[in-house]
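Chains as they are written, first to last, in this note's numbering: chain A, 279 to 579; chain B, 46 to 410.
Hints are computed from structural coordinates only; laboratory data are not their basis. Backbone N, C-alpha and C define an ideal beta-carbon position, used for all residues, glycine too. Treat the hints with caution; some may be incorrect.
Derived DSBU-like pairs (lysine-lysine); straight-line CA-CA distance at most 35 angstroms [unchecked claim]:
#1 B:Lys270 with B:Lys292
#2 B:Lys294 with B:Lys336
#3 B:Lys218 with B:Lys298
#4 B:Lys204 with A:Lys470
#5 B:Lys218 with B:Lys336
#6 B:Lys98 with A:Lys393
#7 B:Lys336 with B:Lys298
#8 B:Lys262 with A:Lys389
#9 B:Lys294 with B:Lys98
#10 B:Lys294 with B:Lys306
#11 B:Lys270 with B:Lys336
#12 A:Lys470 with B:Lys218
#13 B:Lys294 with B:Lys262
#14 B:Lys292 with A:Lys470
#15 B:Lys98 with A:Lys389
#16 B:Lys347 with B:Lys336
#17 B:Lys98 with B:Lys202
#18 B:Lys159 with B:Lys228
#19 B:Lys270 with B:Lys306
#20 B:Lys298 with B:Lys270
#21 B:Lys98 with B:Lys218
#22 B:Lys270 with A:Lys470
#23 B:Lys228 with B:Lys336
#24 B:Lys159 with A:Lys572
Taking CB as the label site, the calculated pair distances span [claimed, not checked]:
#25 B:Asp105 with A:Leu361: 46 to 56 angstroms
#26 A:Leu361 with B:Ala214: 46 to 56 angstroms
#27 B:Arg158 with A:Lys572: 17 to 27 angstroms
#28 A:Leu361 with B:Lys204: 28 to 38 angstroms
#29 A:Gly339 with B:Ala179: 18 to 28 angstroms
#30 A:Trp491 with B:Gly48: 34 to 44 angstroms
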Amino acid sequence: MAETGATASRNRRTLILLLAPLTILLGVFFLIPLGIMVVYSFLEPGLYGGVEWNWYPYNYGRLIGWPLNDYEVFDPIYLKIFLNSLQIALMTVAGTLLLSYPAAFWVASMKGPRKSLVLFLVALPFFANMLVRIYAWLLLLRPTGFLSTLLESTGLIIEPLDLLFTNFSVIVGMVYVLTPFMFLPIYANVEKLDYSLVRASRDLGATNVQTLWRIILPLTAPGIIGGSVIVFIPALGNFIVPSLLGGSKVQMTGNLIERSFLQSRDWPFGAALALLIMAFVVVLFSLQFSRQSKSEGQGTR
Amino acid sequence: MDGFLQIRSATKMYRTPEGGSIRALDDVTLHIRSNELISLLGPSGCGKTTLLKCIAGFEDLDHGDITLTGQSLTRIPAHRRPFNTVFQNYALFPHLTVERNVAYGLDVAHVERKERTRRVGEALEQVGLAGFGARMPNQLSGGQQQRVAVARSLVLKPKVLLLDEPLSALDRKMRESMQIELKSLQHSVGITFIFVTHDQEEALSMSDRVAVLASGKVQQLASPKEIYDEPQNEFVANFVGTSNIFKGKVIAKEGRTLTLKTANGRELAVASDRFGVGDDACAVLRPEHLKLSGEARDRAIKGTVTQSVFVGSEMHLHVDVGLGRTAVVRHRHNKGSTEAAYGPGADVTLYYTPEAAHVIECKGA
Chain A
279 MAETGATASR
289 NRRTLILLLA
299 PLTILLGVFF
309 LIPLGIMVVY
319 SFLEPGLYGG
329 VEWNWYPYNY
339 GRLIGWPLND
349 YEVFDPIYLK
359 IFLNSLQIAL
369 MTVAGTLLLS
379 YPAAFWVASM
389 KGPRKSLVLF
399 LVALPFFANM
409 LVRIYAWLLL
419 LRPTGFLSTL
429 LESTGLIIEP
439 LDLLFTNFSV
449 IVGMVYVLTP
459 FMFLPIYANV
469 EKLDYSLVRA
479 SRDLGATNVQ
489 TLWRIILPLT
499 APGIIGGSVI
509 VFIPALGNFI
519 VPSLLGGSKV
529 QMTGNLIERS
539 FLQSRDWPFG
549 AALALLIMAF
559 VVVLFSLQFS
569 RQSKSEGQGT
579 R
Chain B
46 MDGFLQIRSA
56 TKMYRTPEGG
66 SIRALDDVTL
76 HIRSNELISL
86 LGPSGCGKTT
96 LLKCIAGFED
106 LDHGDITLTG
116 QSLTRIPAHR
126 RPFNTVFQNY
136 ALFPHLTVER
146 NVAYGLDVAH
156 VERKERTRRV
166 GEALEQVGLA
176 GFGARMPNQL
186 SGGQQQRVAV
196 ARSLVLKPKV
206 LLLDEPLSAL
216 DRKMRESMQI
226 ELKSLQHSVG
236 ITFIFVTHDQ
246 EEALSMSDRV
256 AVLASGKVQQ
266 LASPKEIYDE
276 PQNEFVANFV
286 GTSNIFKGKV
296 IAKEGRTLTL
306 KTANGRELAV
316 ASDRFGVGDD
326 ACAVLRPEHL
336 KLSGEARDRA
346 IKGTVTQSVF
356 VGSEMHLHVD
366 VGLGRTAVVR
376 HRHNKGSTEA
386 AYGPGADVTL
396 YYTPEAAHVI
406 ECKGA
């Protein structure tokens with residue numbers, strides 16, 4: 279008995295030692311800054327950046343559009359931007375999903391070296407600088423760019439097409455950057471899909487569409503949900519794509535945060551914006567987790 | 046001729062990765078009767094699973110035709126054929142309860158709810174799983190999953206139930222009880238079961254008829270007893286049960302009794318209606334037909350034991366009888382008797398009756 283106790287305490291010590299580096303890293307470089315952010319979001323912005331240590335809940339008021347002085351009226355501009363960001367992020371999820379889902383089945387059906395090559399190609403864009411890759415879309419989408427010229431030469435359009443600086447161009451850029459994050463979880467799920475289940479479904483009289491809805495989609499749902507979450511979160515907070523491909527016409531919350539910190543030097547407001555995104559994501563996540571644990575509970579009941 | 050399910054000169058080729066092609070099915074003709082349990086028996090790669098897939102509609106034939114009561118199935122896709130399959134790994138839908146699994150075929154056919162519930166209940170009862178409806182497949186044992194798979198197919202009242210090595214994943218005891226259960230289920234539902242297996246004992250014990258397949262061809266189609274007692278060729282004799290096969294030339298014929306002379310000059314008396322003097326022939330003697338003690342009318346072969354294997358109820362003696370192959374003999378031993386007499390090196394005399402031998406043509410004798 280005493281011996282097992284000693285073993286247990288030794289195991290415990292090993293576990294603590296193993297977890298210590300990560301815990302310290304996250305504590306120092308994530309939790310503490312997060313705490314600072316929360317505190318700052320309730321402080322008054324300093325005149326030249328930084329903060330004044332005064333209780334100042336108006337950052338949140340401003341966020342929802344509350345007028346700060348007599349010259350302003352209620353104007354939920356920041357919420358509108360947030361909603362637009364949300365819309366762009368959701369469209370990005372939809373776009374990456376539409377591209378990745380069929381592709382995952384296609385790749386999963388491949389064999390041997392071909393498959394390895396394709397999976398390598400999926401990861402390949404990570405090797406090139408994101409700025410460069412997004413800048414390339416700028417050249418493709420602008421009125422004198424490749425796409426417009428091509429369409430003009432085929433006679434489909436008469437005037438040059440200006441696709442840049444629209445929600446569309448931002449979504450295109452986001453989908454382009456984030457597709458691998460959608461593809462890989464779905465692929466991992468599709469890869470282990472037991473094809474005999476599809477055959478069983480056909481055998482029991484289901485059409486292809488019925489098989490897709492009743493068997494394939496439910497069984498690959500974990501991959502779809504996982505991919506959607508890890509595409510949605512960076513899409514919502516992204517500021518590089520909207521600032522390059524959205525210009526000044528498309529604002530996302532990410533740009534607002536960037537500008538608050540770097541240009542208008544309003545740290546408290548930037549912190550409040552960042553916390554808004556974070557709170558949104560955390561709520562979303564906890565909903566997903568509770569749903570997941572509920573369905574798993576059903577499985578083992 | 047009962048023209049229930051007819052397979053006529055079915056041929057199916059597969060391309061190998063090297064660019065060649067393999068005949069998985071080579072001119073297979075089979076007539077399957079209604080309400081019978083027929084086994085497709087053969088080693089792996091013999092084409093039995095391919096044949097099953099072609100019947101189910103998962104694969105198309107390159108040549109030939111499959112008809113059900115006279116109607117060709119060629120253009121009917123899998124999901125519209127009145128057949129259902131029990132898969133080797135059961136292929137139960139892991140995200141659905143037992144009840145939803147069994148109801149699946151009725152769901153996709155939009156069967157009305159009341160009737161669906163009734164039929165699902167019936168099917169679960171049939172396989173002895175009433176009350177298991179709310180479980181998930183991963184909460185069931187292998188045997189129970191097997192039953193769910195059977196129920197899921199039977200609930201659709203198919204004309205033919207196809208079973209693709211359904212028992213191979215179960216342990217021996219479970220397998221034996223499922224064999225009996227499937228057989229009695231087939232009797233009670235009264236539909237044709239086509240049962241694919243590589244286990245000859247399983248095929249013999251369950252089937253009304255057995256089709257032995259090898260290299261894409263039907264080697265023999267007959268009742269289990271006939272397959273065992275009168276194998277049509279060397280392959281069947283070897284694959285089904287244990288056989289002692291002695292090759293030779295007929296040198297004398299007297300009534301039904303032939304004298305077979307083997308390559309190394311020994312003579313063997315066997316009984317057969319076929320064959321004449323000068324023909325090549327193979328004598329098949331089952332181990333149980335060779336005895337260590339005999340009566341006056343029995344023929345005797347002398348030999349030396351090379352190996353003796355204790356398997357519980359009996360001893361398997363491998364005896365070198367100087368006929369080119371060692372003969373296997375089954376000796377039922379009595380508790381307490383001295384078995385040393387049959388150890389390696391012991392000289393023994395084997396007795397058999399010429400009538401017990403089955404004579405077949407030899408390929409390239």
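Hint check results:
Simply put, Lys270 of chain B and Lys292 of chain B have alpha-carbon atoms about 23 angstroms apart, close enough for the 35 angstroms limit, and the pair holds. For the suggested pair Lys294 of chain B and Lys336 of chain B, the alpha carbons sit about 24 angstroms apart, so the restraint of at most 35 angstroms is met. Of the supplied pair hints, the one linking Lys218 of chain B and Lys298 of chain B is violated, its CA atoms being roughly 48 angstroms apart against a limit of 35 angstroms. Pair hint Lys204 of chain B plus Lys470 of chain A holds up; C-alpha atoms about 33 angstroms apart against a cutoff of 35 angstroms.
Taking the CA atoms of Lys218 of chain B and Lys336 of chain B, the gap is about 30 angstroms. The hint holds against a cut of 35 angstroms. For a cut-off of 35 angstroms, the pair hint linking Lys98 of chain B to Lys393 of chain A stands: about 27 angstroms separates their Cα positions. For a cut-off of 35 angstroms, the pair hint linking Lys336 of chain B to Lys298 of chain B stands: about 25 angstroms separates their Cα positions. Of the supplied pair hints, the one linking Lys262 of chain B and Lys389 of chain A holds, its CA atoms being roughly 31 angstroms apart against a limit of 35 angstroms.
The straight-line distance between the Cα atoms of Lys294 of chain B and Lys98 of chain B is roughly 43 angstroms, outside the 35 angstroms bound, and the hint therefore fails. At most 35 angstroms may separate the alpha-carbon atoms for a hinted pair to count; Lys294 of chain B and Lys306 of chain B meet this at roughly 5 angstroms. This hinted pair checks out: Lys270 of chain B and Lys336 of chain B have alpha carbons roughly 21 angstroms apart, not beyond 35 angstroms. Distance hint between Lys470 of chain A and Lys218 of chain B is fulfilled; the C-alpha atoms sit about 31 angstroms from each other, no more than 35 angstroms.
Restraint check for Lys294 of chain B and Lys262 of chain B: satisfied, since their Cα atoms lie roughly 28 angstroms apart, inside the 35 angstroms limit. For the hint linking Lys292 of chain B to Lys470 of chain A, the alpha-carbon distance of about 52 angstroms lies beyond 35 angstroms, and the restraint is violated. Between the alpha carbons of Lys98 of chain B and Lys389 of chain A the distance comes to roughly 23 angstroms, so the proposed pair stays at or under 35 angstroms and holds. The suggested pairing of Lys347 of chain B with Lys336 of chain B holds, with an alpha-carbon distance near 12 angstroms, which does not exceed 35 angstroms.
Among the hinted pairs, Lys98 of chain B with Lys202 of chain B is consistent with the structure: their alpha-carbon atoms are about 19 angstroms apart, no more than 35 angstroms. At most 35 angstroms may separate the alpha-carbon atoms for a hinted pair to count; Lys159 of chain B and Lys228 of chain B meet this at roughly 30 angstroms. Restraint check for Lys270 of chain B and Lys306 of chain B: satisfied, since their Cα atoms lie roughly 29 angstroms apart, inside the 35 angstroms limit. Taken as a hint, the Lys298 of chain B and Lys270 of chain B pair is honoured in the structure, with Cα atoms around 28 angstroms apart against an allowance of 35 angstroms.
Taking the CA atoms of Lys98 of chain B and Lys218 of chain B, the gap is near 28 angstroms; set against the 35 angstroms cutoff, the hint holds. Straight-line distance between C-alpha atoms of Lys270 of chain B and Lys470 of chain A comes to about 44 angstroms, which puts the hinted pair past the 35 angstroms bound. Our distance criterion of 35 angstroms between C-alpha atoms is met by Lys228 of chain B and Lys336 of chain B, whose separation comes to about 34 angstroms. The hinted pair formed by Lys159 of chain B and Lys572 of chain A meets the criterion: a straight-line CA distance of about 29 angstroms does not exceed 35 angstroms.
Restraint check, Asp105 of chain B to Leu361 of chain A: a C-beta distance of roughly 54 angstroms satisfies the suggested window 46 to 56 angstroms. Checking the proposed 46 to 56 angstroms range against Leu361 of chain A and Ala214 of chain B shows it holds: the Cβ atoms sit about 54 angstroms from each other. Against the hinted window of 17 to 27 angstroms, the Cβ-Cβ separation of Arg158 of chain B and Lys572 of chain A comes to about 26 angstroms, which satisfies the hint. Distance hint check: the CB atoms of Leu361 of chain A and Lys204 of chain B are about 58 angstroms apart, inconsistent with the given range 28 to 38 angstroms.
With their beta carbons about 53 angstroms apart, Gly339 of chain A and Ala179 of chain B fall outside the hinted range of 18 to 28 angstroms. Distance hint check for Trp491 of chain A and Gly48 of chain B: the Cβ-Cβ separation is about 39 angstroms, which falls inside the suggested range of 34 to 44 angstroms.
Hints 3, 9, 14, 22, 28 and 29, counting from the list given before, are not met by this structure.
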